[in-house]
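Number of protein chains: 4
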Amino acid sequence: MKTAQEYIDSVKKMRFELYMFGEKVTNHADNPIIKPTRNCIAATYELAEESKFPQYHNIMTANSHLTGKEINRFCHIHQSTEDLVNKSKMGRGLGTYTGSCFQRCVGMDALNTLSMTTYDIDRKYGTDYNQRFLKYLQYVQDEDLVCCGAMTDAKGDRSLRPTQQTDPDQYLHVIKEKPDGIIVRGAKLHQTGAVNSHEIICMPTRAMREEDSEYAISFALPSDTEGIIYIYGRQSSDTRKIDSPNMDVGNILYGGQECMVVFNDVFVPWERVFMYKEYDFTGDLVEKFSAYHRQSYACKSGMGDILIGASQLIAEYQGTNRASHIKDKIIDMIQLNETLMSCSLACAYEGYKEASGTYLVDTLRANVSKLNVTKFPYEIARLAQDIAGGSIVTMPSEKDLKHTEIGEYVAKYLKGVDGVNIENRIRVLRLIENITVGLGAVCYLAESMHGAGSPMAQKIMIARQSNIERMKNSAKRVCGIEP
Amino acid sequence: MKTAQEYIDSVKKMRFELYMFGEKVTNHADNPIIKPTRNCIAATYELAEESKFPQYHNIMTANSHLTGKEINRFCHIHQSTEDLVNKSKMGRGLGTYTGSCFQRCVGMDALNTLSMTTYDIDRKYGTDYNQRFLKYLQYVQDEDLVCCGAMTDAKGDRSLRPTQQTDPDQYLHVIKEKPDGIIVRGAKLHQTGAVNSHEIICMPTRAMREEDSEYAISFALPSDTEGIIYIYGRQSSDTRKIDSPNMDVGNILYGGQECMVVFNDVFVPWERVFMYKEYDFTGDLVEKFSAYHRQSYACKSGMGDILIGASQLIAEYQGTNRASHIKDKIIDMIQLNETLMSCSLACAYEGYKEASGTYLVDTLRANVSKLNVTKFPYEIARLAQDIAGGSIVTMPSEKDLKHTEIGEYVAKYLKGVDGVNIENRIRVLRLIENITVGLGAVCYLAESMHGAGSPMAQKIMIARQSNIERMKNSAKRVCGIEP
Amino acid sequence: MKTAQEYIDSVKKMRFELYMFGEKVTNHADNPIIKPTRNCIAATYELAEESKFPQYHNIMTANSHLTGKEINRFCHIHQSTEDLVNKSKMGRGLGTYTGSCFQRCVGMDALNTLSMTTYDIDRKYGTDYNQRFLKYLQYVQDEDLVCCGAMTDAKGDRSLRPTQQTDPDQYLHVIKEKPDGIIVRGAKLHQTGAVNSHEIICMPTRAMREEDSEYAISFALPSDTEGIIYIYGRQSSDTRKIDSPNMDVGNILYGGQECMVVFNDVFVPWERVFMYKEYDFTGDLVEKFSAYHRQSYACKSGMGDILIGASQLIAEYQGTNRASHIKDKIIDMIQLNETLMSCSLACAYEGYKEASGTYLVDTLRANVSKLNVTKFPYEIARLAQDIAGGSIVTMPSEKDLKHTEIGEYVAKYLKGVDGVNIENRIRVLRLIENITVGLGAVCYLAESMHGAGSPMAQKIMIARQSNIERMKNSAKRVCGIEP
Amino acid sequence: MKTAQEYIDSVKKMRFELYMFGEKVTNHADNPIIKPTRNCIAATYELAEESKFPQYHNIMTANSHLTGKEINRFCHIHQSTEDLVNKSKMGRGLGTYTGSCFQRCVGMDALNTLSMTTYDIDRKYGTDYNQRFLKYLQYVQDEDLVCCGAMTDAKGDRSLRPTQQTDPDQYLHVIKEKPDGIIVRGAKLHQTGAVNSHEIICMPTRAMREEDSEYAISFALPSDTEGIIYIYGRQSSDTRKIDSPNMDVGNILYGGQECMVVFNDVFVPWERVFMYKEYDFTGDLVEKFSAYHRQSYACKSGMGDILIGASQLIAEYQGTNRASHIKDKIIDMIQLNETLMSCSLACAYEGYKEASGTYLVDTLRANVSKLNVTKFPYEIARLAQDIAGGSIVTMPSEKDLKHTEIGEYVAKYLKGVDGVNIENRIRVLRLIENITVGLGAVCYLAESMHGAGSPMAQKIMIARQSNIERMKNSAKRVCGIEP
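Protein chains in written order, with this note's numbering: chain A, 151 to 633; chain B, 151 to 633; chain C, 151 to 633; chain D, 151 to 633.
It should be emphasised that the hints constitute simulated quantities derived from the structure, not laboratory data. A hint or two may mislead.
Using 30 angstroms as the maximum straight-line C-alpha spacing, the simulated DSSO-like pairs for lysine-lysine come out as follows [to be verified]:
#, chain 1, residue 1, chain 2, residue 2
1, D, 503, C, 503
2, D, 549, A, 549
3, D, 285, D, 162
Distance windows between CB atoms, simulated [as the list claims (entries may be wrong)]:
#, chain 1, residue 1, chain 2, residue 2, range
4, C, 207, B, 569, 51 to 61 angstroms
5, B, 313, A, 230, 51 to 61 angstroms
6, A, 310, C, 502, 39 to 49 angstroms
7, B, 619, A, 310, 46 to 56 angstroms
8, B, 313, C, 173, 50 to 60 angstroms
9, B, 569, A, 308, 34 to 44 angstroms
10, D, 165, B, 619, 47 to 57 angstroms
11, A, 173, D, 177, 20 to 30 angstroms
12, B, 555, C, 326, 22 to 32 angstroms
In silico negatives: residues of chain C with every beta carbon more than 12 angstroms from chain D [unchecked claim]:
#, residue
13, 162
14, 182
15, 200
16, 375
17, 376
18, 469
Each residue gets a CB set at the ideal place from its N, CA and C atoms; glycine is no exception.
Produce the complete structure using the sequences and hints provided.
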């Protein structure tokens, strides 16, 4: 396994074609916008270092079912419900450690999904996708790589299917077959951690029909393959990372990352193709990936921990922590946060073994879990703003605090309880700002809403997965209706 | 193990001193108010009959850790997290089967609590409570008995402690010690299934202090012991069980039961005393019992199944089932219901072994689980009323439907979709009435609110059990505050 | 104007063909199920008696625009926004006075609607409906009559229109024209206060199309006209009015009433027909009536007053009223309750004059108001149950309290704070039971859901009435999109 | 009255001692951070220009009760409930026009409060505050000035009173009396629109006791008086106004402004002092000001209009507008938004005349109104993010869109429905980002939470203003408890 530093060194060498805020980024290694996001993935390596974090060892690592070697859990294929449960706990642990999106789940969820889908396709069609995939998997495990799981297409008009779009590239598709591979064109949007990744794994974004078969495509490539263009997303308060990296940025260590990834006629060799034209497996792939990835939102209860901790801190700093309504709000936040975690755990514990040997979460519960995630963090954030007070949006900047003439006023009038360091009070307020209305809110709120699919996607799955006939029969029996 | 019929026969022989609606009940065996409630406990025996319900065998039964014999899970001491999980699933299964409160959980939770507390007291004080208790337990297991777990005292003025009350009997207490036992006086309120039980197990209702030591008392007695007086609770729509047992009652098979139980100077022999004066263990006993019993509310997701099934049925009967808003409401109901079940499962899966060898649920999560139960069933019930339409509260009675002159009008104008039996439509409407505003609402709503402790009790425990210091430290680290 | 006693005397003389619980009711005057519901309408007369309630005089009475005479506001046609506002306040006042549905609003809303629709039809078609109507109105005003406003048809399969139903009578319709009038057949369901009314006014329940023109019918008749059959609805805990009218019934004075009303080929003379075949006005009639009637739900904030008052009382009786969480819940209840009232007031204050001279409420706001009513009372009821504790569903009956042998135990163990009369504590608990899970819950919850149309009906109107184009243009302007 | 341009010219001349982001601002007139905030106040002048906005004339202007001259409503003392209602409508109109906080309410609310409090003090103490105030008021009206209403002190340790603080300056106070006036020291935080104002009007932030009498102080000064130092607040995404003022900023026209205002030993002449030492009137002043200012949050339903419009637009641009769940969410947003407005209207319509002749809103309803504002905008924002999709937080920047090489990819893959201008889609997405997680969220969310007092302040007032005794008596009567 790589150390955190080895990860950073390895990704520094990648030669991404990357644009940010209208400029080509020639030195991504030192870019201050990117740096905290890379630190955040580095944390997934750091917590796996047994000497540094022995208490996380079981959670962060596993033994490869291919090689038996100890590997980072992010590269592991789940072999038991215990693995699934540890995945949920890993998500929460990293969320609590970083207060941010650590970006490495999507790749893990993609690997696990493909371990099943390639197996299932082969069983039906006699193809050899699973063998290709397992070879690729071993490479990822041996090298301890970060994989960007790429699912969401541009989609154009959402009321139309891929082939109905005016522009056929609105969904990523094969534009040409060659003897040694395929050429693909299109884009994947909302790509979390894209330029912090070694590899990118593409999957279809929806169930396809026969006429969409050129869109039924899954493959993996090194992230800096020629023809892949990254365009960095513009996010709330992002430039504070440049102008005020010490205090105003709120979370001074970590952050998330989202890119638009353009596949500008990119070549994929056959050995990296894991699905092509088997449109009848796209729906199943999407459902399985979604179930895994909806489980992954256990991380939000980790971010919740930080926001609850910050809320308690600011109450103590301001002298309101003994007010009964403040205590009550803290409990309400914990209640919501632990409900989220309980649901993620339940879908893991109730997981089961698929034909391929991989363990899959309980799909109904995974969707239930994620649907709560589209609501509860918003309420937790609202309560945090309630407790914090108006200063999170009206405070002067760090530079004012340190200004030779007015700094003393800022310090004097932002004073809270005697003995509390002014700077600490400001830091906590900026952290709450970050998570509720700044960069962290991208991870904590908008990503909770749309990551792993928007709420309606979960609702559709819940309708499909629950056994309404059984419920109807139970009702009939107790009120005396003949079956 | 007893069969359902053997249970009913055995309880028929009990000689309760019972009053109902101002009358002494001399023949409780055939009382129409009691009958459905007894059927409901009988279901806990019925589902354990392997020949009839093989699919429930693992869930409903276990092997005694004392004798190795197969016993009903309601008499079992949890020996693993799997036992805890099966308890949650048993609760849901029975909730779905009966659409009611099956009354047998409290005793199970009392037995498991005492298996720990008697052990812990003995370790500190060198007493022999645990041995007494295990002997009693074996009797309960061998005879497959129903135990009423009796906790809630009358409490008088809630702002005063036991010894501060004007009337010292507001909390059950020892009024006299005798060579062979003790005499107790007081009352236990809200006693679920009291006159369907073979045994009654009393426990303190709150943490006691030294001055309250005569109140620090736990014991078990046969339910028809002399001096115990039962007064049956008057509940919403209860007399429909007498006047309209066929249709209007809604749930024609099952129901819950609540009694006031008066201990009018009742003698308890020493071998049935499991705590006496060890006030320093009362808080711990209450917390453990509460954690177990809060887990038990998995049953409400079973009742939820029936209410969701009924809502879907009535939509189909009335021709609204394809409306998108109806579908959406059904999904919302499932979402809330499965969130409840997920939380009960999570607290079971995350359980752990106590010193005595008994497995206890994750206490924080058990409280989180129950606190959701104080809210979600109300919203599920509201949605059910929305889907059902106004007829649940305006419909003529069954007797009108069957009236020679006007019956045809009732049938004609309560017709729904062609081909739906009018009677079936009425039955489902009455079932929804039952669960949302009738007898079933006692179980589904009020009991969800106050059973196993009112919401504030859960909030206090959540505050106590969650690790706010850890959260504060996580927040400090990411915003740069020195630890 | 009639006095309360004169009203009761007048309605006693009516000769309804009435069935209840499978029996023909030959003496409706003394029926204990009916009596409290009649008292409740009597309250609408009582509060209008200036000598008894001078403070309500302006609210409860108005001067007829036809005769200038002082009349009960329930018979008045709104001549100003002040009239509309007073209507909302009258609803709240009576809700607070009775804790129940006082049943007289629907008729008032029907009269006001017809004052506009008859006028508008005449303008288009040159008919004389308005003149007929005004003559009828003056009779109602002069005699101070209660009118039952009858709208909801049986509807059969809700996914089909009137003429698509297998049974053509699922919507009330004209089956025969005669020289002197028409013969109608069908039924009106959920008829509030039907056998407490002097008159019944029928209106179409939905927008009709040309093919439905025989269903486009509005008329008024004396309630005891031959061929009209009333079948009394069976409601939660209704028979407590017979067996325990003193305490267990909760609200010992008042109650609501719902009937199925069958029109078994009933003759309507032309002078009482206010619409016939003008299907193009049915949608408008329904919208206007609905708007008025949605405003009428101000009454629920009156019932809310009683439930909040009862919750505060029980907290005081039990010694919990100084707990911060109890205070907070009381405030939450008030917040929800006053939000309801504020919305009803706003739609009244923002009302406007229609072509006929009648004032109509702001239709958008009336729908917004009612949609909140389908939710907030449920939450207020949930909070009331939280504050009240489990006794509302487990307490022994009044007869037990008064039993010679066990009465002392009931009194002893239901004691609350010293000095509180046990009976008073029981009365308040029974009142909370009544409103949240008993007879009052029919009015407070189910009627709040479906009265004046189910939630989806309000949502459709809100979509239709709000000006989304204006909002889009505002958004475009500030973000720089050309109009 | 001034025109918008005259306002901007007049404020440009002010000589503020202003710091922003650690720099002294020497040219506030052209500062790009300030400019949109000043435009926003300018809108309060613009809409009052009858020739440009005749439809707003009645709402935006009134006739001075001092001079009879037509004045801007923001300078007016309410003379009727119609004035109060027009104030609510003005707030909504300007919210809809600007999508931001237009900053001029606080001053209006301060003027109206002082018109009452100075009168009431004079009546008790024979002082001449009211005369001083009216002279000042006439000056403000004649010159059509913007007044910054300054209430919130630094407050230090919130659990301590002013004189208990270690630093006596944590609340603004008089440090010296002089023959011609007083010297004050302290700070006012969260000062909305401070450096867009001509005048600043200070008031006490809480009820004071006798020992706090040096803190019981109210006065007005020109905003650029010597010794007043302004430190500009750092807000989410604020620097986008500099680097991307065209598209990424979301709201390209308007914005809010918050400053810390330090009173560094500032001299106030007696004629500008409106309260000094009359601590017994501070509570009343705070309650009245709060009631007015809580009404003012009608503006948030204006911002809601913009967010709902933007949500509908983006659904249309992306092809999801016909999905039933999208329609349903839009209706839910409208429902919440109109409930807010209805409550603001209700407290205005139910206003009444105070002793001074000024009309005050219904205080209970004003608090109810504001308490809803602390919740509903958060839910509206959540729904907007749901409808908008993930692009609001992952999209490339405007500069990427216009980049010569990659601009075409951005345009291609952000395409929505055919025929929709890509730039328009981006603009709407950025507007939703602005209001839900960017600069606009400061106004729409955090200000909704804490402006005019945090939620607990409203709860305390609701408890105090509602008549719980009346409710208790109503409950007693219907359940048969003797009064």
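Evaluation of the provided hints:
1. 503(D) <-> 503(C): At roughly 27 angstroms apart (the allowed maximum being 30 angstroms), residue 503(C) and residue 503(D) satisfy the hint.
2. 549(D) <-> 549(A): The hint holds at about 28 angstroms.
3. 285(D) <-> 162(D): 25 angstroms, holds
4. 207(C) <-> 569(B): 51 to 61 angstroms: 57 angstroms, holds
5. 313(B) <-> 230(A): 51 to 61 angstroms: For residue 313(B) and residue 230(A) the Cβ distance comes to about 54 angstroms; the hint holds.
6. 310(A) <-> 502(C): 39 to 49 angstroms: 44 angstroms, holds
7. 619(B) <-> 310(A): 46 to 56 angstroms: 53 angstroms, holds
8. 313(B) <-> 173(C): 50 to 60 angstroms: This hint holds: roughly 56 angstroms between Cβ atoms.
9. 569(B) <-> 308(A): 34 to 44 angstroms: Because 38 angstroms falls inside the window, the suggested range holds.
10. 165(D) <-> 619(B): 47 to 57 angstroms: Given range 47 to 57 angstroms: holds, Cβ gap about 50 angstroms.
11. 173(A) <-> 177(D): 20 to 30 angstroms: 29 angstroms, holds
12. 555(B) <-> 326(C): 22 to 32 angstroms: Since residue 555(B) and residue 326(C) have Cβ atoms about 23 angstroms apart, the given range 22 to 32 angstroms holds.
13. 162: Per Cβ check, residue 162(C) is outside 12 angstroms of chain D; nearest 23 angstroms; holds.
14. 182: 16 angstroms, holds
15. 200: 21 angstroms, holds
16. 375: It holds; residue 375(C) is separated from chain D by about 34 angstroms at its closest Cβ, greater than 12 angstroms.
17. 376: It holds; residue 376(C) is separated from chain D by about 37 angstroms at its closest Cβ, greater than 12 angstroms.
18. 469: 16 angstroms, holds
Checked against the numbered hints above, the structure breaks none of them.
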